[in-house]
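Number of protein chains: 2
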Amino acid sequence: MIVTKLTERLGIRIPIVQGGMQWVGLPSLASAVSNAGGLGILTALSQPSPDALREAIRETQKLTDKPFGVNITLLPSINPPDYEGYARAAVEEGVRIFETAGNNPGPLIKFFKSQGCFVIHKCTTIRHAKSAQKMGVDFLSIDGFECAGHPGEEDIGGLVLLARAAQELEVPYIASGGFGDARGLVAALSLGAQGVNMGTRFMVTEEAPIHKDIKARMIASSETDTLHIFRTLRNTARVFKNAVSSEVVRLERRPGGAQFSELRDLVSGLRGKKVYETGDPDAGIWSAGIVVGLIKDCPSCAELLRRIEEEAESLIQGMTHLVVRGHAKL
Amino acid sequence: MIVTKLTERLGIRIPIVQGGMQWVGLPSLASAVSNAGGLGILTALSQPSPDALREAIRETQKLTDKPFGVNITLLPSINPPDYEGYARAAVEEGVRIFETAGNNPGPLIKFFKSQGCFVIHKCTTIRHAKSAQKMGVDFLSIDGFECAGHPGEEDIGGLVLLARAAQELEVPYIASGGFGDARGLVAALSLGAQGVNMGTRFMVTEEAPIHKDIKARMIASSETDTLHIFRTLRNTARVFKNAVSSEVVRLERRPGGAQFSELRDLVSGLRGKKVYETGDPDAGIWSAGIVVGLIKDCPSCAELLRRIEEEAESLIQGMTHLVVRGHAKL
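Line by line, the protein sequences give chains C and A.
When we follow my numbering, the leftmost residue of the first sequence carries the number 145, and every step to the right adds one.
When we follow my numbering, the leftmost residue of the second sequence carries the number 145, and every step to the right adds one.
In case anyone wonders, no lab produced these hints; they're calculated from the structure.
Just so we're clear, the structure is a prediction, and the values are computed from it rather than from any experiment.
Possibly wrong hints are sitting among the right ones.
With a Cα cut of at most 20 Å, we get these calculated SDA-like pairs of lysine to any residue [unchecked claim]:
#1 A:K274 - C:T368
#2 A:K440 - C:A310
#3 A:K440 - C:T269
Listed next, the stretches of chain A that the computed footprint assigns to chain C, with coverage defined by at least 3 CB atoms under 8 Å from CB atoms of chain C [as the list claims (entries may be wrong)]:
#4 304 to 312
#5 334 to 342
#6 435 to 444
Computed Cβ-Cβ distance ranges for the label pairs, DEER-style [as the list claims (entries may be wrong)]:
#7 A:E391 - C:N247: 26 to 36 Å
#8 C:P192 - A:K274: 41 to 51 Å
#9 C:N247 - A:L414: 44 to 54 Å
#10 C:A360 - A:G229: 49 to 59 Å
Glycine included, C-beta positions come from ideal geometry on N, C-alpha and C.
Modelling step: build the complete structure from the supplied sequences, incorporating the hints.
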């Protein structure tokens with residue numbers, strides 16, 4: 145096994161956290177990841193209400209006795225969801241590990257810390273990481289350009305962003321964006337991270353609540369099959385390249401660009417949900433990171449984490465043999 | 145020391161290759177890198193003619209008895225340079241290691257292989273890497289989104305691109321784009337590479353033929369201080385963000401975009417050369433990768449490579465302690 149500050153602090157076996165994923169971070173997946181030795185994460189906003197989140201937490205508790213967490217992502221929104229209600233519900237149901245992400249997380253982080261919870265805050269810049277550090281988060285999740293969903297606007301690939309984190313941060317961090325295998329995990333550890341966050345890779349597992357045709361489509365796709373929408377609105381999101389996302393980009397590239405109101409129907413969350421439910425990859429917008437190019441099968445979470453753990457151990461051992469001591473000939 | 149297929153094949157001490165850099169890959173730098181245990185590289189097109197390249201090679205041979213190479217980059221050009229002349233001159237002067245890059249490298253690679261030379265071909269996609277593999281190159285250099293100069297148009301960060309290379313390639317590879325320290329080197333080894341290529345990092349060394357004010361500017365800058373020009377011309381290049389490159393991007397973003405002819409004066413190579421000579425960062429366009437954000441000092445090449453070697457060895461040793469065998473408690 146691989147022991148890091150993350151596994152020690154959370155009491156998990158392998159330093160892998162499941163990413164918060166809208167419509168995907170449900171009890172079936174979160175419990176499977178936790179049972180497999182990682183940290184499963186329920187995505188709060190996949191539930192229609194704080195009470196529905198309570199139900200999802202209880203269901204997860206029935207499926208695993210291992211630690212799991214809840215993700216709350218704060219995104220620009222005309223009618224913001226009841227973030228505080230979700231947060232209180234989760235704490236009241238006994239959740240002690242939270243992943244926060246998005247804009248103005250201060251009040252949420254303060255609340256969780258006042259309740260004695262462990263907070264991982266995800267951010268895409270060193271500046272935001274330092275600011276979250278001041279707010280007292282326990283861990284950071286440093287999310288690079290490769291990620292699914294919102295990479296921010298600075299486009300700094302994980303190779304550099306994580307090494308910058310090693311230079312700048314005092315709080316320990318995990319690596320997000322572009323991780324799906326043992327090579328990535330060991331690279332993240334080399335770059336100073338205490339583990340990785342994997343979203344897209346967990347979408348293609350037996351337990352992910354996603355139609356099998358979508359999983360098959362992801363297996364068949366390559367690292368060039370994602371694109372950025374909302375770049376011109378400065379709210380960039382990386383999603384799977386399909387008819388709908390390509391149309392959004394086309395509209396954004398027209399002279400004069402596009403207003404969000406013109407794109408709203410195309411990008412509706414309910415259409416995205418339909419993709420996972422019906423297996424139609426063109427039903428709407430759905431998230432995927434470039435790591436989709438590395439995914440070649442659909443294992444159970446247990447199989448996946450066992451494989452990553454074994455391969456990572458063997459990669460680390462292999463690397464020690466590259467280091468030659470003493471008076472070498474060269 | 146760290147022994148990989150790269151160090152073994154080339155007879156060098158540390159698996160670090162200096163990137164080919166226009167106006168920078170001169171004898172002073174190439175010999176310093178080779179003397180420090182890496183592979184120094186003369187950039188052929190920094191010399192005005194094949195005969196001038198001969199002189200540069202002779203000068204380098206006087207400064208080091210270690211192996212060094214010559215880079216020949218094939219770029220879209222209205223009046224292409226005499227690539228074949230440069231290639232013949234280098235081979236005739238005894239150079240046995242070449243780095244090729246750019247479009248249609250087939251004839252050059254064929255020539256070098258016919259002369260018994262060792263060829264590293266740099267490319268930015270798995271497709272091009274496979275094609276170079278068929279041409280018989282000895283090594284590949286897999287160049288990700290983070291790089292200075294030409295990243296291609298697919299924008300795949302090194303974390304994923306290198307792990308894809310591990311899945312797809314039979315020929316060994318080094319990692320390019322975003323590398324400047326020991327963490328990056330160990331990450332690259334984790335991702336299956338046999339070493340790294342560093343360009344931007346070598347720009348900020350004592351021996352780099354660059355004005356001290358530019359080195360100071362690079363030390364003071366962050367990972368957000370580069371931008372992409374020529375994106376709309378599908379010939380993207382990552383350069384330092386300054387008045388000139390910002391103006392190029394502004395012109396490209398006008399409705400209707402910009403023709404190369406409108407940008408030609410702004411991006412002229414001679415203006416770029418002036419930056420390095422005069423120390424005026426706004427004199428023209430000059431290349432830098434996002435790794436510039438990691439650079440905090442201006443060591444000699446010997447100091448830099450010694451530091452990276454020692455830190456990499458210590459990172460690798462540290463990682464082995466994370467792997468815990470036997471019946472752990474967790």
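Results for each hint:
no.: 1; hint: A:K274 - C:T368; verdict: holds (16 Å)
no.: 2; hint: A:K440 - C:A310; verdict: holds (13 Å)
no.: 3; hint: A:K440 - C:T269; verdict: holds (19 Å)
no.: 4; hint: 304 to 312; verdict: holds (count 7)
no.: 5; hint: 334 to 342; verdict: holds (count 3)
no.: 6; hint: 435 to 444; verdict: holds (count 4)
no.: 7; hint: A:E391 - C:N247: 26 to 36 Å; verdict: holds (32 Å)
no.: 8; hint: C:P192 - A:K274: 41 to 51 Å; verdict: holds (47 Å)
no.: 9; hint: C:N247 - A:L414: 44 to 54 Å; verdict: holds (46 Å)
no.: 10; hint: C:A360 - A:G229: 49 to 59 Å; verdict: holds (52 Å)
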